[in-house]
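Chemist: Here are the chains, one letter per residue:
Number of protein chains: 4
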Amino acid sequence: MKQTEKQTEQVKQTPQKLNFMNDYNSVGHPNVLRALADASAAKFPGYGTDAETGRAVAAVRALIQNEAADVHFLMGGTQTNLTAIAAFLRPHEAVIAPANAHINVHETGAIEAVGHKILTVASNDGKLRADDIRAVCARHGGDEHMVAPRLVFLSQSSELGTLYSMAELREIRAVCDALGLYLYVDGARLAVALTSPRNDVSLPALAALADAFYLGGTKNGLLLGEALVIANPKLTADFRYLIKQKGGLLAKGFLLGLQFCALLENGLYFELGIHANDMALRLREGLVKRGFTFFVDSPTNQIFPILPERAAEALAANVLYEVWEREPNVTGGGKGKTAIRLVTSWNTDAAEIEAFFERLDRAMRQ
Amino acid sequence: MKQTEKQTEQVKQTPQKLNFMNDYNSVGHPNVLRALADASAAKFPGYGTDAETGRAVAAVRALIQNEAADVHFLMGGTQTNLTAIAAFLRPHEAVIAPANAHINVHETGAIEAVGHKILTVASNDGKLRADDIRAVCARHGGDEHMVAPRLVFLSQSSELGTLYSMAELREIRAVCDALGLYLYVDGARLAVALTSPRNDVSLPALAALADAFYLGGTKNGLLLGEALVIANPKLTADFRYLIKQKGGLLAKGFLLGLQFCALLENGLYFELGIHANDMALRLREGLVKRGFTFFVDSPTNQIFPILPERAAEALAANVLYEVWEREPNVTGGGKGKTAIRLVTSWNTDAAEIEAFFERLDRAMRQ
Amino acid sequence: MKQTEKQTEQVKQTPQKLNFMNDYNSVGHPNVLRALADASAAKFPGYGTDAETGRAVAAVRALIQNEAADVHFLMGGTQTNLTAIAAFLRPHEAVIAPANAHINVHETGAIEAVGHKILTVASNDGKLRADDIRAVCARHGGDEHMVAPRLVFLSQSSELGTLYSMAELREIRAVCDALGLYLYVDGARLAVALTSPRNDVSLPALAALADAFYLGGTKNGLLLGEALVIANPKLTADFRYLIKQKGGLLAKGFLLGLQFCALLENGLYFELGIHANDMALRLREGLVKRGFTFFVDSPTNQIFPILPERAAEALAANVLYEVWEREPNVTGGGKGKTAIRLVTSWNTDAAEIEAFFERLDRAMRQ
Amino acid sequence: MKQTEKQTEQVKQTPQKLNFMNDYNSVGHPNVLRALADASAAKFPGYGTDAETGRAVAAVRALIQNEAADVHFLMGGTQTNLTAIAAFLRPHEAVIAPANAHINVHETGAIEAVGHKILTVASNDGKLRADDIRAVCARHGGDEHMVAPRLVFLSQSSELGTLYSMAELREIRAVCDALGLYLYVDGARLAVALTSPRNDVSLPALAALADAFYLGGTKNGLLLGEALVIANPKLTADFRYLIKQKGGLLAKGFLLGLQFCALLENGLYFELGIHANDMALRLREGLVKRGFTFFVDSPTNQIFPILPERAAEALAANVLYEVWEREPNVTGGGKGKTAIRLVTSWNTDAAEIEAFFERLDRAMRQ
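Chains as they are written, first to last, in this note's numbering: chain A, 1 to 366; chain B, 1 to 366; chain C, 1 to 366; chain D, 1 to 366.
Think of the hints as simulated: they come from the structure by calculation, not from any bench. Fair warning: there could be bad hints in the mix.
[Stated by the list, open to error] For lysine-lysine, the following DSS-like pairs were computed, each having C-alpha atoms within a straight-line distance of at most 27 Å:
hint, chain 1, residue 1, chain 2, residue 2
1, D, Lys335, B, Lys234
2, A, Lys289, A, Lys17
3, D, Lys335, D, Lys289
4, C, Lys234, A, Lys234
5, B, Lys335, B, Lys289
6, C, Lys289, C, Lys335
[Unchecked claim] Per the computed footprint, the stretches of chain C lying under chain D, defined by three or more beta-carbons under 8 Å from a beta-carbon of chain D, are:
hint, stretch
7, 27-37
8, 244-256
The C-beta atom is built at its ideal place from N, Cα and C for all residues, glycine as well.
Construct the entire structure; sequences and hints are all you get.
Modeler: And the structure:
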């Protein structure tokens, strides 16, 4: 990857901060950009009615091994979540989600703005348990003075980088079946989940378990774009109307089709996930070697080491990261500890990892 | 423009249909794509907090000659309209718009979905008159059993390619001031309006008259993107919350910043509008020479010739266009007439115009 | 009716204005008040789960000859309309209604506030035609850029006091069946419709034609209350959740049950409608005798005579009425004419009619 | 009170269940019914524009000692809460409430249905603490990816019958001022709060502290009705539009005016609260004497004794009450304990209290 080499040079030569802030910090993977450039002389029909989008739909269906699935390309995660939930639920129906779910905390009330309550469950590791779902439903059963729980929302990987195992998902699916709930999986970071060494949930298996889910592109090399899969045929009717109404029907829909073709047709989607996980593993190993502990044990591209508060502050002068929790909420930490989040991505390279440790070691000495 | 030359070759050699369907049928202008490619090694902060976006904001402010204006970049027109209206109005407040306005007809009820009624006024040419606004307000004044009109929505150029003159806009502004209304201008096609030979409304003048408006990028060479200007400081508070809530806060906001820099910093925005208008003028002149009349007299990149129904059908085999009206609604037409819409764009070239007339002449002979 | 006699005395003795403003201007029919007083020592379960509400449901079902119908009691018309439409439609689905429908003009955007667009059809007499419905659907068919028409809203009697005939309703029903639309009938003034001499639509017939409708109580002798009938079993699921969510589930639901028992179990509902129509007929006959014409030919309790503007103004000093239309909208009127609305009710009595004509004659002489 | 004597007879003679289920189980206080009957010959203007409503507004203003307050009469609590919050907040703004608040648990998502998120705080006694508010705001400050907390919702008395002291309310007000929050008080049961022996918050004091609050009528002797006071002039604009839009503008608004005059003009409002508290005190004392403990220490008309599970079940055959909590959530209880809720009201009489204890003693012996 020549592009990454150039970036590495840049990192070495300039005193700029290392960026472990998130996985959407650069334009997009060179192959994706090239796909756009290669198509620049062509003219396309609008709103995703073009042939490239058709190819991208076929690519998704092939990967999930479900030729009948409804597939839609949207521009971002919040948009995808709010559109799907607005389409799937009646006004009195509610979502069950972990309290730290993205839709509950970091989407500015997007779900409530389309009219639906989120019933939350406390979760240390970002995951929902089957028992949590049962408990929420037991409290709400059949009482019209309360909302009716109807859709289980979970993220794979979760907000804390953790993974649901196949056994866990099967149990959740069984609860959903028993209680008449839809299962929706936010897959903004599904690529790192699928390619994590600890993962045992294949993409076809996920597609068979969930009523709907999406494969995130924004956080895995695209300029923008998420591929929503609606596997439950009861939920597909008129979905494009909802996309349009909520402002998500891209005029140049072919841009999403072109990008997803580049990402999905030759395995790039998985390569990029593998790379991000590899880089995270190097971070993790280096941190373990240095004796750090973690806020949560996360096997994907987000890791949460616990640092002495002063070291975290010193490090911030040279490394971009997010402070995740401070005392007294840093379980397993202690006095003056800070849990930080480090995110790797397809565009993180080995030199950046090395540079990170140099800067961390320096921060620890200060 | 090498890219256009290549396209011209393609048009000549291949028997594919000419595309006069719309102005968002290709990836984007080469300069815009180049700006993205050139930035591909860099890392940016998310959600439009980056320096490129800051530069693009500065570019907008310079062009509109208002350093204090609030500027936000969004992904598409429907999204921009629904977000702005949701932010600006209280629940009982309504929009006044021409009946054929995009928000009333072609956004799948997006405005109603965020809770607001659109009070419509019949309009043959896509434009709203000051008297129409007065009449709507007279019917609603102070009666809490009816919605309260609060925002005037118009498009420059309009849905029918027509233009508001400076005198018309001043009169509308005066009515808005007198009646306590906001003036919002949908500028999806503002570039062709500003550069039309018949235009007398400068960008700074528009910015001084409207409470808010947007400069459309999607229909003027960008991959995607609209630049919303909020000139009225009473309307700016917490606007980014609304963008996020409605699903419009692009994670890689810098993509919009980079594109708008390419479009605005060196006059490309105006060049592309001029080109689209030039191509439309050639179409118009050729049609006039051949004796065709028009559904509406439109001085921008959308033109609406009236064809014999059979010729329109024959033409459709070789040219992509939109049927606008059929009998009996084709005023000035007659029996068996069809009004069609032809749209030119920055990527239309002279060879396509020539090819169009060849195919039209052939269709007329059939 | 002793109560009415007392009122008559009052009308004769005091110089107060006669009230033909509306049909909800007094507490309620004495029988209804008595039913409440008689139950004042009892204790009831809340939210309409009581036996009296059960009896009222049975009374409705008996009258409509449909034992399977879902019946709910709500507090007012706007509330009933918005709750039903919110329950029946998905977010992108729209209502078709006459432009002068109550939901479109006089409910402060209540339907839009729950997210739905109203597609309107111009109507001189307050009625919708089957062809109007076909035309609206033809313009919207299958295009996800536009809302999807899904529910036909009409009022029996209409906003202008007119009636749909059985033939008209059958044709509308056929169109609804052909186009997949629900038929909803606002029956705020259904009692005067059913008891009009010109009516040919029985209550069971209406119940068999409409997917849902309501029998208005507020405008027919109750303190408050509307009885919503949902005949289409596809629309009944979880309806009480919607009532509660929209603020319409009365804690003391038994108050509605008690009132509707008093209104429905012994024919009072129809008696009151007959009386209101009788009083309107006397008004009409007296007006015709005096040579007045009407804005619309309405066979129920709302009549719309056209008066010279100066006479209308003089009359207003002694009679409460609503100005309906002024020139130039008074078709069939002429220069300086005003159409006014006179409403009779169960509590209008013959002495008031006499007094009205005295005052009208005096106003004409001024 | 003759009516109550009659009721007492009934209780003694019939084997029907005693009703301690809630405080809205009978038609209404005799004085209130009489006020309606006395006005039955009169005709009124609609929608609360009548003189009786004006008198009721004046009565509220006199009691709260604020002649400038905006006062509106609505039909029920959920309706009042959702209308006020819809009127006061912009789309991205959120409510802070105790997790067991009525709006969070028992209004079927009414607040979310008008678009707003509720940020909840765990609370054992139904009360919110100033520190809770600070903590919620600290987590949300200025981040547009999260909702903006804007309105503090509390109930006086709370869902668990507890009271805020003057000191607590002052501290909450100070936090609201410091953080730019509105303070809204749900006063569905304000009468029992104001008249509790432990209360130190006068009605004028509450009116001076809250931006808005309501005096509940439904649970204090009215057929239906709540009096919303908007003390903050920034929140009053166009409020009647919101009432109408949300379906809460009663056509016969004078019914609310008449009832509130009967309740407020001669002190009945307070008398009824005193009576309900007295009856609750007798229950409490009898329970304490018998050695029962309580789920929460509540000095108003809701009390929460903890019973052995089997006794609770036996009692249910003869007494209507609500099961509040079962093991393991009955703190201070123990194995096989059930916390029940007993509610007294203006219509509870001494004989019912005696009968309750007979039945309780019997249940304990079983």
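Chemist: Take the hints in turn and mark each one as holding or not.
Modeler: Hint by hint, here is what the structure shows:
no.	hint	in the structure
1	D:Lys335 / B:Lys234	violated (60 Å)
2	A:Lys289 / A:Lys17	holds (24 Å)
3	D:Lys335 / D:Lys289	holds (22 Å)
4	C:Lys234 / A:Lys234	holds (15 Å)
5	B:Lys335 / B:Lys289	holds (22 Å)
6	C:Lys289 / C:Lys335	holds (22 Å)
7	27-37	holds (count 6)
8	244-256	holds (count 11)
Checked against the numbered hints above, the structure breaks only hint 1 and satisfies the rest.
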